[in-house]
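Given next are the chains, with one letter for each unit.
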Amino acid sequence: MAVPKRKMSRSNTRARRSQWKATAVSLATCPQCKSPKQSHVACPTCGNYNGRNYAEALRSEHA
Amino acid sequence: MPTPTKGPRLGGGSAHERQILANLATSLFEHGRITTTLTRAKRLQPLAERLITKAKRGDLHARRQVSSVIRNKTPRRWNGEGDAYTIVHRLFNEIAPQFAERNGGYTRITKVGTRKGDNAQLAVIELVLEPVSPKQAVVREAEGAAKRSVKEQAAAEVEDTAAETAEVEEAAVEEASAEEAETTEVEADEAEAAADSDEK
Ligand SMILES: [Zn+2]
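Just so you know, the protein sequences line up as chains A and L, in that order. So that you can map any letter, position 27 of the first sequence is 28 in this note's numbering, and since no number is skipped, the others follow by simple counting. So that you can map any letter, position 184 of the second sequence is 209 in this note's numbering, and since no number is skipped, the others follow by simple counting.
Mixed in with the good hints, there may be bad ones.
What the hints assert, rightly or not - Okay, derived cross-link-like pairs now, DSS-like style, lysine-lysine, Cα gap no bigger than 30 Å in a straight line: (1) A:Lys35 with L:Lys136; (2) L:Lys176 with L:Lys67; (3) L:Lys79 with L:Lys160; (4) L:Lys67 with L:Lys81; (5) L:Lys172 with L:Lys136; (6) L:Lys136 with L:Lys160; (7) L:Lys136 with A:Lys22; (8) L:Lys141 with L:Lys31; (9) L:Lys79 with L:Lys98; (10) A:Lys22 with L:Lys141; (11) A:Lys35 with L:Lys79; (12) A:Lys22 with A:Lys8.
Said to hold, decoys possible - Not the full set, but computed from the structure, chain A residues with beta-carbon under 10 Å of chain L: (13) Cys34; (14) Pro37; (15) Gln39; (16) His41; (17) Pro45; (18) Gly48; (19) Arg53; (20) Tyr55; (21) Glu57.
Just so you know, the hints here were simulated from the structure itself, not pulled from any lab data. Model, not experiment: these values are computed from the prediction. From the three backbone atoms N, C-alpha and C, an ideal C-beta is built for every residue, glycine too.
Please construct the entire structure, taking both the sequences and the accompanying hints into account.
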């Protein structure tokens, strides 16, 4: 079985890990309350989506 | 027929998935709207819609098929005789009639963000109990009327040309029907496009 010959230096490890980056979520504006929200997801602030309200579901699941 | 699911079952086994989906379907028909994970909602949707289709059929065989999935749980009211107030009864006698005008698409899934503990995507799956939009009905009526008028015209032309020779008659009818078929297709496409834009 192939195994590493040398221990990997902290520097190399950290240099590799420095490329692990998170990307910001792209946000849209809620047409009802104008607060930022993710597209295709009910608004976390007012619970509206496409003219329907899901505030109850948001309350019960995120409390 | 919905596409068979790929990948692992929900819950860890085929039997467990069946149990989960049966419980979810029962809850959906009891409450009309349930919150669950997006994956479960997506698996539940085809099952629930097929159950509603069976409920719309409404005969004894359909009732037995539905009863083999839905838990015969008694909701809220306890004074019913036999299966008078069970979920199956409600599905057949209260929910199915409300879908009489609707051809498929009985349920709707809406994403509602993520759960705190495990960041799982959550979704609300609900029965679409709103009346079918009047615009769609109007479009369907218009398409039907267009088709009917075309048929009447074709029939009239056949009668007019009946006196002429058989060859001429056939040619004329073929030409006319071909032309009309084209025009009706274009009209239907336009009507559908209009309906789509209205929905958006
Ligand atoms: Zn909002």
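Each hint, compared with the structure:
1. For the hint pairing Lys35 (chain A) with Lys136 (chain L), the CA-to-CA distance comes to about 19 Å; that is within 30 Å, so the pair holds.
2. About 43 Å separates the Cα atoms of Lys176 (chain L) and Lys67 (chain L), which puts this hinted pair outside 30 Å; it is violated.
3. With a C-alpha separation of about 27 Å, the suggested pair Lys79 (chain L) and Lys160 (chain L) falls inside the 30 Å cut-off, and the hint holds.
4. Simply put, Lys67 (chain L) and Lys81 (chain L) have alpha-carbon atoms about 22 Å apart, close enough for the 30 Å limit, and the pair holds.
5. About 40 Å separates the Cα atoms of Lys172 (chain L) and Lys136 (chain L), which puts this hinted pair outside 30 Å; it is violated.
6. Among the hinted pairs, Lys136 (chain L) with Lys160 (chain L) is consistent with the structure: their alpha-carbon atoms are about 26 Å apart, no more than 30 Å.
7. Among the hinted pairs, Lys136 (chain L) with Lys22 (chain A) is consistent with the structure: their alpha-carbon atoms are about 26 Å apart, no more than 30 Å.
8. For the proposed pair Lys141 (chain L) and Lys31 (chain L), the alpha carbon gap of about 28 Å is at most 30 Å, so the pair holds.
9. Restraint check for Lys79 (chain L) and Lys98 (chain L): satisfied, since their Cα atoms lie roughly 19 Å apart, inside the 30 Å limit.
10. Our distance criterion of 30 Å between C-alpha atoms is met by Lys22 (chain A) and Lys141 (chain L), whose separation comes to about 22 Å.
11. Annotation: proposed proximity of Lys35 (chain A) to Lys79 (chain L) is violated, straight-line Cα distance about 43 Å (limit 30 Å).
12. For the given pair, Lys22 (chain A) sits about 25 Å from Lys8 (chain A) by alpha-carbon distance, which is consistent with the 30 Å threshold.
13. Taking 10 Å as the C-beta cut-off, the interface hint given for Cys34 (chain A) is violated, the closest approach to chain L being about 15 Å.
14. Below 10 Å, beta-carbon pairs count as interface contacts, and Pro37 (chain A) has none with chain L, the closest being about 13 Å; its hint is therefore violated.
15. Interface restraint check for Gln39 (chain A): the shortest CB-CB distance to chain L comes to about 8 Å, inside 10 Å, so the restraint holds.
16. Here the hint on His41 (chain A) is kept, as its CB sits about 6 Å from the closest CB of chain L, short of 10 Å.
17. Because the smallest distance between the Cβ of Pro45 (chain A) and any Cβ of chain L comes to about 6 Å, under 10 Å, the interface hint for this residue holds.
18. Interface hint status for Gly48 (chain A): upheld, as the beta-carbon distance to the closest one in chain L is roughly 8 Å, under 10 Å.
19. Interface restraint check: Arg53 (chain A) against chain L, minimum CB-CB distance 7 Å, threshold 10 Å, status holds.
20. Nearest Cβ of chain L to the Cβ of Tyr55 (chain A): about 5 Å, under the 10 Å cut. The hint holds.
21. Checking Glu57 (chain A) against chain L: minimum C-beta separation of about 9 Å stays under 10 Å; hint holds.
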